[in-house]
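Novice: Chains as they are written, first to last, in my numbering: chain A, 1 to 295; chain F, 296 to 665.
Calculated directly from the structure, the hints in this document are not laboratory data. Please note that a few of the clues may not be correct.
What the hints assert, rightly or not - Restricting the straight-line Cα-Cα distance to at most 25 Å, the calculated cross-link-like pairs of lysine to any residue (SDA-like) are:
no. : chain 1 : residue 1 : chain 2 : residue 2
1   : F       : 439       : A       : 190
2   : A       : 188       : F       : 474
3   : A       : 210       : F       : 603
4   : F       : 382       : A       : 214
5   : A       : 188       : F       : 449
6   : A       : 210       : F       : 417
Claimed, not checked - Per label pair, the in silico range of CB-to-CB distance:
no. : chain 1 : residue 1 : chain 2 : residue 2 : range
7   : F       : 350       : A       : 146       : 50 to 60 Å
8   : A       : 106       : F       : 520       : 24 to 34 Å
9   : A       : 62        : F       : 443       : 47 to 57 Å
10  : F       : 439       : A       : 279       : 29 to 39 Å
11  : A       : 20        : F       : 623       : 53 to 63 Å
12  : A       : 288       : F       : 530       : 57 to 67 Å
Think of the CB as a built atom: it goes at the ideal place given N, C-alpha and C, for glycine as much as any other residue.
Below, each chain spelled out in residue letters.
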Amino acid sequence: MSTVAQEAAPTTRGTNWRRKLVPYGLLLPGGLWLIVFYVVPMLRLVSVSLQTGIYPRYRFSWAWSNYAELVTNYGGQAVNSFAYALSATVIAFLIAYPLAYFIAFRGGRWKNFLLVMLLMPFLMPFLLRTLSWKIILADNGLVVDLFKALNLLGEDGRLLATGVAVVAGIVYNFLAFMTLPIYVSLEKIDRSLVEAANDLYASPAVAFRKVTFPLSRPGVVAGTLLTFIPAVGDYVNAVLLGTPQQFMIGNVIQSRFLVVLDYPVAAALSFTLMIVTVLLIIPYVRASGTEDLVA
Amino acid sequence: MAAVTDGGSGLPGAGEPPAVELESVTKRFGDFTAVDDISLGIEENRFFALLGPSGCGKTTTLRMIGGFEETTAGIIRLHGEDVTGRKPYRRMVNTVFQSYALFPHLTIFENVAFGLRRQDVSDEDIKHRVGEMLELVQLTGREKQKPRTLSGGQQQRVALARALINHPRVLLLDEPLGALDLKLRKEMQIELKRIQNEVGITFIHVTHDQEEAMTMADTIAVMHQGRIERMGTATEIYEDPRTGFVAGFLGASNLMQADVVDASIGEVVLAQGTRLRVSADQLSGEGRRVRLGVRPEKIHLTPADSPVEGNALAGRVIDASFIGVSTHYLVETEPIAQLAVMAQNLDDRRFAPGDSVQAVWRPEHTFVVT
Numbered sequence: 001m002s003t004v005a006q007e008a009a010p011t012t013r014g015t016n017w018r019r020k021l022v023p024y025g026l027l028l029p030g031g032l033w034l035i036v037f038y039v040v041p042m043l044r045l046v047s048v049s050l051q052t053g054i055y056p057r058y059r060f061s062w063a064w065s066n067y068a069e070l071v072t073n074y075g076g077q078a079v080n081s082f083a084y085a086l087s088a089t090v091i092a093f094l095i096a097y098p099l100a101y102f103i104a105f106r107g108g109r110w111k112n113f114l115l116v117m118l119l120m121p122f123l124m125p126f127l128l129r130t131l132s133w134k135i136i137l138a139d140n141g142l143v144v145d146l147f148k149a150l151n152l153l154g155e156d157g158r159l160l161a162t163g164v165a166v167v168a169g170i171v172y173n174f175l176a177f178m179t180l181p182i183y184v185s186l187e188k189i190d191r192s193l194v195e196a197a198n199d200l201y202a203s204p205a206v207a208f209r210k211v212t213f214p215l216s217r218p219g220v221v222a223g224t225l226l227t228f229i230p231a232v233g234d235y236v237n238a239v240l241l242g243t244p245q246q247f248m249i250g251n252v253i254q255s256r257f258l259v260v261l262d263y264p265v266a267a268a269l270s271f272t273l274m275i276v277t278v279l280l281i282i283p284y285v286r287a288s289g290t291e292d293l294v295a
Numbered sequence: 296m297a298a299v300t301d302g303g304s305g306l307p308g309a310g311e312p313p314a315v316e317l318e319s320v321t322k323r324f325g326d327f328t329a330v331d332d333i334s335l336g337i338e339e340n341r342f343f344a345l346l347g348p349s350g351c352g353k354t355t356t357l358r359m360i361g362g363f364e365e366t367t368a369g370i371i372r373l374h375g376e377d378v379t380g381r382k383p384y385r386r387m388v389n390t391v392f393q394s395y396a397l398f399p400h401l402t403i404f405e406n407v408a409f410g411l412r413r414q415d416v417s418d419e420d421i422k423h424r425v426g427e428m429l430e431l432v433q434l435t436g437r438e439k440q441k442p443r444t445l446s447g448g449q450q451q452r453v454a455l456a457r458a459l460i461n462h463p464r465v466l467l468l469d470e471p472l473g474a475l476d477l478k479l480r481k482e483m484q485i486e487l488k489r490i491q492n493e494v495g496i497t498f499i500h501v502t503h504d505q506e507e508a509m510t511m512a513d514t515i516a517v518m519h520q521g522r523i524e525r526m527g528t529a530t531e532i533y534e535d536p537r538t539g540f541v542a543g544f545l546g547a548s549n550l551m552q553a554d555v556v557d558a559s560i561g562e563v564v565l566a567q568g569t570r571l572r573v574s575a576d577q578l579s580g581e582g583r584r585v586r587l588g589v590r591p592e593k594i595h596l597t598p599a600d601s602p603v604e605g606n607a608l609a610g611r612v613i614d615a616s617f618i619g620v621s622t623h624y625l626v627e628t629e630p631i632a633q634l635a636v637m638a639q640n641l642d643d644r645r646f647a648p649g650d651s652v653q654a655v656w657r658p659e660h661t662f663v664v665t
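The following block holds chain F by itself, in its conformation from the complex (with noise of 0.2 Å):
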């Protein structure tokens, strides 16, 4: 029972049992290992994103959860209730796939009422309850049109209302956005947002775009070789990645090797002699080599002799680029020969190609990685 699950008492039968339960999931495509022991509890309610590249296994977890894949090894409950082998048609979990697969020869109404239609449920009610949920979908209108006639935008809320109208516990999301271009789907990560507000139902969201997990999940797990690297909100993972993978895969980072000095204080020097300050908090064991990063944009530039607190490196500009909301510089330093720096442009102190600078950030802005 190592399943991650936040809050709650530990005794059975007091409080909701996670809504989706993975207990040492293993899924084995031959010799490939796609999804390697993965246990994690997603409570009731939530937006849940899985985020990794291509190929890291997010999409396999989640055909296992809505049962079109058999998992090789491991146990897999929703609302405690073990469903592990059980078929997809079985299962009180719907998705939504990134094709978005409308069945082409039934109108948009007998698309959304499909589902419904496999149930006992009388004409009438269904009649109700697809223009309920085309209202929330905003299709109104649109019952007797066949899906080819429909933009992406609006194919993409057709499949998402064939799910959402059969009152699923979980709602499966397969990289949803993918097809849409840029603008629809900021417009429709919000869209998704207030959709799952309004419903009420557990999302779980696959996709490779670390902007859409940030926007939409309230919990984010990030996936790397089959294997969950790290789990938490947005801030969290983003404020303190913890291994290089997510630091590099969320947003950008400055990487560098340093050893520790003094842990109780957190204390650590680089490779070229460079003192800096962490967290002590994030450092354990005296001695230790470690891997430290900050983000480009908690580093700000000061001209080489003025006076510094908290970290700092000396270098030079060897690029700088003023895109509108902030510039972007490069410094070379001893330590990394490329440091990424993002400034605001909130002063007009601008640096240029060949400056000698100090890149400066606080010590608790500085993480330490795996």
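So that you can see chain A by itself, here it is in the shape it has in the complex (with noise of 0.2 Å):
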């Protein structure tokens, strides 16, 4: 028995063994898909963002006045891109939720009709998409004469090239990425919860906020990061639907790396960018507490 027990030993060591490498190898693929994507390229951007010089020859030299540049010269563009995406991250949530809401508790059997009805216009590309509010938006449109009648416009008032046009256009392109979520952590919630709690004396009201709406919050927080964070660097939505006064820090970018092929101060832009994004989303995250939901 003894002998059987001391070969058997080895072996089992050896599956072990094995069994700790498995979740490292399948690590691997989107390790290395990472690495050689977004670590490689990051750290390139980085030093690219420390050189001067002209195009095509940069130098490093801790230049770091490029960044400067994002407070002298492109501060309005910064506070654009932060003032639109924030609203039309607000906006979208707010038409989301109700949306979200309606399909997952009301839906019914036409759910599934309804979620593709929600996901229909992407199938139309981004571009025509959002070439299409212009003439939603268009002076002489529909919806300005109807603003106008509201009194909401002014005689010479407009929508198209204002502010106004371009979070329209960035809710409407983001909204699906803000219900979806939305709708998943709705739908998961068992409904006796909500029972249980009109059962110990809630009204509806009050069930919607204690154990509903907390229920739904990592929905809540996936959906504004999924809008934010790409409304934040969005630049079409400024160009088809805006004038260069509402352009965002995405247009800067996007003429510094590719029509004046100033690549340092591109580079300082979108990392700063990134930097700050990332550092106002911690605390959105933590402060909504989601780690206790995620079951």
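Got two chains here, separate frames each, mind docking them using the hints?
Specialist: In structure tokens form, the structure reads like this:
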């Protein structure tokens, strides 16, 4: 008996080793992808952001002045970026939450149909979708006429080529990214929890505030991040629906990279944008206290 | 006013109105009638069980009392007060849900305190009462944990505490033990009964488990196809099921057809000619066709030629299985092809397949069903 046990031991150890390695093996493809297409470019971006010179000859020179350009020359665009992205996120949330709530709780057998309808516009190319807002918000279009009739706009007021148009475009383009995560977290909520809250003397409004909304928070956090992060860096909506006055930091980066060929400043702006966005998000995720809900 | 209530004078104002009273309550979902014209009254401090197979309407009945389903017709009263159209959050009734429905984002303390927080109760009071309630369900010290860190039985007790802390006038339990394993279920049955005795609140318990209902409930209502087929104590229902469905649902029965010969002495005759006796009060009308039943444990077997007293059927043992506490026989007789007999292993007389025997039982152990 003892010999068998002794012989068995090394084999077990061998399989244990292999077992411990398996998770890392599974991580390998994704990890490599991240290193090659994220970490390396990121380091390169940081290095470029500290160079000076004229395309294509740049020299590394600890040129911190590249970073100063954001404040000195592009402060307006930076403010636009965060103001537009923030308002678009708030508006998208206000539209998406009731929409997701309705589909999840009242959709019944129409649930899948409603979800497909939500995604339908995304079968159309991004540019076309955004361009069509030019027609909707045109100076002689229906929306402007209506706003004028309601006295929300003055006689010579317009929507196109204003911040309102840019925000509207962003809201529209990212609405599904806000709605779907919220829908998923609402859908997951056990209906008997709401009944239990009602049973324990919570009116529908209180039950929503104390049970449904807290339980949907992971979806709200995911949706707002999926909207806010790309919206901050967006430049297409500003180009198509705004004027240079509405330009966002994304427009500056795009023109620095592709038009002016000023790579160092473009890199510095990109990197700053990223850092600021992350710094804004961390306290938001912390404050929303969703760690608890990931069960 | 066809409510079935026991005792008490009929004078208004004299005595308490029943804790729960249903008057001709009906619930339809489209064409389907889930609950069909039910009337019943449940007295204060009772442990009342609604027993039936799935789809019999027992859960729908409970949900109507809780206010989660609207009635299609009929009136529901709690302590004499009409609450028929009232929303759940305005009824002094609390529910223990089948899946417990504990709030996953709240601690055990906040789960239990949820109902009190909706009322005007001071923080100090809440703390005191939650502590008391957790002691009652033996979960002291778990206040800060989240529900998912507890076992099924513990979650079950939190659900119970969360409902009981509000001192509801009626507690509704929707198959609360369904998700527990057998051993835990037995423990919780005793536990629930203990708690009910302690708090003295009317419990309405929905279950499909006859043993569970018989263990805990003072009164059992057996439901079938949206109606109450039989209501009474466990003993009453078991010994005199009255309908074929109840006889089959509560325990095992041997049923046979017979014609009444003489109702005054309780004499009936089976199709092949054997005469049997039943309690006279169970019969009415001569020549009428009735169905008789007898429980397997009420029958004992004797050798074919021995003298017998009471009802007897001759037959042949076709199967015998020894299961420790008892031996189960299947006997082939003329009226019933497979008569089930359960014999306690008191003496060493055992029969083997092929033996000719007589199945004997006392007339008063025979019941008549419709």
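Novice: Each hint: holds or not?
Specialist: Hints and how they fare:
no.: 1; hint: 439/F with 190/A; verdict: holds (23 Å)
no.: 2; hint: 188/A with 474/F; verdict: holds (20 Å)
no.: 3; hint: 210/A with 603/F; verdict: violated (72 Å)
no.: 4; hint: 382/F with 214/A; verdict: holds (23 Å)
no.: 5; hint: 188/A with 449/F; verdict: holds (23 Å)
no.: 6; hint: 210/A with 417/F; verdict: holds (19 Å)
no.: 7; hint: 350/F with 146/A: 50 to 60 Å; verdict: holds (54 Å)
no.: 8; hint: 106/A with 520/F: 24 to 34 Å; verdict: holds (31 Å)
no.: 9; hint: 62/A with 443/F: 47 to 57 Å; verdict: holds (52 Å)
no.: 10; hint: 439/F with 279/A: 29 to 39 Å; verdict: holds (32 Å)
no.: 11; hint: 20/A with 623/F: 53 to 63 Å; verdict: holds (54 Å)
no.: 12; hint: 288/A with 530/F: 57 to 67 Å; verdict: holds (58 Å)
In summary, the one numbered hint that this structure violates is 3.
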